[in-house]
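One gets the working numbering by counting positions in the sequence shown from 1 and adding 13 to each.
Warning: the hint list may mix true and false statements.
[What the hints assert, rightly or not] What follows is a set of in silico ranges between Cβ atoms, one per label pair, in the way DEER data are often shown:
#, residue 1, residue 2, range
1, Ser26, Trp92, 22 to 32 Å
2, Met157, Arg109, 15 to 25 Å
3, Ser26, Leu60, 37 to 47 Å
4, Met157, Arg91, 36 to 46 Å
5, Tyr48, Lys74, 19 to 29 Å
6, Thr111, Arg70, 17 to 27 Å
7, Glu63, Tyr132, 10 to 20 Å
[Unchecked claim] In silico EDC-like cross-links for lysine to aspartate or glutamate, where the CA-CA straight-line distance does not exceed 16 Å:
#, residue 1, residue 2
8, Lys31, Asp47
9, Lys143, Asp133
10, Lys143, Asp158
11, Lys62, Asp133
None of these hints come from the bench; they were simulated from the model. By construction, the Cβ of each residue, glycine as well, lies at the ideal position given by its N, Cα and C atoms.
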Amino acid sequence: AQELCQISKEYESCDLYKLLIYGMVHDIGILALDYCMPFTLNRIHNLAKEERIPILRAEAKIFGKLTHDVVGHWVCERWHLPQDIAQVVRYHHSPRLTEDFQPEVVLLYIADMISTSYYDSLLENEFDYKVDQKMLELLGLTEMDVEAVRNSLPARVDKALRAVNFNALDQANFD
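Produce the entire structure from the sequences given, and follow the hints as far as they go.
Right, dumping it as structure tokens:
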């Protein structure tokens with residue numbers, strides 16, 4: 014989301030720190046579902062794999078309208094998190110449903126599409142995730158911008174993993 018914001022031609026007031034927080038919490042509903050219903054989350058992943066459908070579609074098949082974005086929004090309200098965070102959590106898959114244009118929601122929507130596509134490709138699930146053209150236009154972005162961010166993602170993930178150095182954490186905790 015940060016990289017998209019920096020190249021956006023229509024949205025110039027990027028708060029990179031807020032975008033970082035939004036990126037970290039936008040899927041809080043998945044954590045809540047995993048904590049409360051871990052076997053159901055496994056069913057979602059198994060259904061997605063068996064039917065070769067995206068996780069979000071499998072989630073909707075099992076939960077109906079009670080998907081992780083709805084659950085996450087409920088968590089945000091329950092914890093009295095700021096409204097901007099709650100909006101990103103609720104609408105990061107459906108930015109057209111927001112009452113007014115919120116660039117942060119659109120940025121997270123596009124970034125989530127890119128990262129979901131990347132992680133699905135690691136699992137050898139090749140789905141054609143199409144970013145809503147209208148959302149790109151609202152931010153002055155193009156398909157080429159999305160592709161550039163998509164292509165830079167593996168190096169950014171590698172850099173983040175090296176910065177955290179999980180091996181060092183594992184050694185410190187288990188030796």
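Against the structure, the hints come out as follows:
Take Ser26 and Trp92: their Cβ atoms lie about 26 Å apart, and the range 22 to 32 Å holds. Judged by the Cβ atoms, the range 15 to 25 Å given for Met157 and Arg109 holds: they are separated by roughly 23 Å. At roughly 41 Å, the beta-carbon separation of Ser26 and Leu60 lies within the given 37 to 47 Å, and the hint holds. Taking the beta carbon of each, Met157 and Arg91 are about 41 Å apart, inside 36 to 46 Å as hinted.
Taking 19 to 29 Å as the suggested C-beta distance range, the pair Tyr48 and Lys74 conforms, at roughly 21 Å. A hinted range of 17 to 27 Å holds for the C-beta pair Thr111 and Arg70, which are about 22 Å apart. The given range of 10 to 20 Å is respected by Glu63 and Tyr132, whose C-beta atoms sit roughly 18 Å from each other. Between Lys31 and Asp47 the CA atoms are separated by roughly 25 Å; this puts the pair beyond 16 Å, and the hint is violated.
Taken as a hint, the Lys143 and Asp133 pair is honoured in the structure, with Cα atoms around 14 Å apart against an allowance of 16 Å. Taken as a hint, the Lys143 and Asp158 pair is honoured in the structure, with Cα atoms around 14 Å apart against an allowance of 16 Å. Restraint check: the Cα-Cα separation between Lys62 and Asp133 comes to about 11 Å, which is no more than 16 Å; the hinted pair holds.
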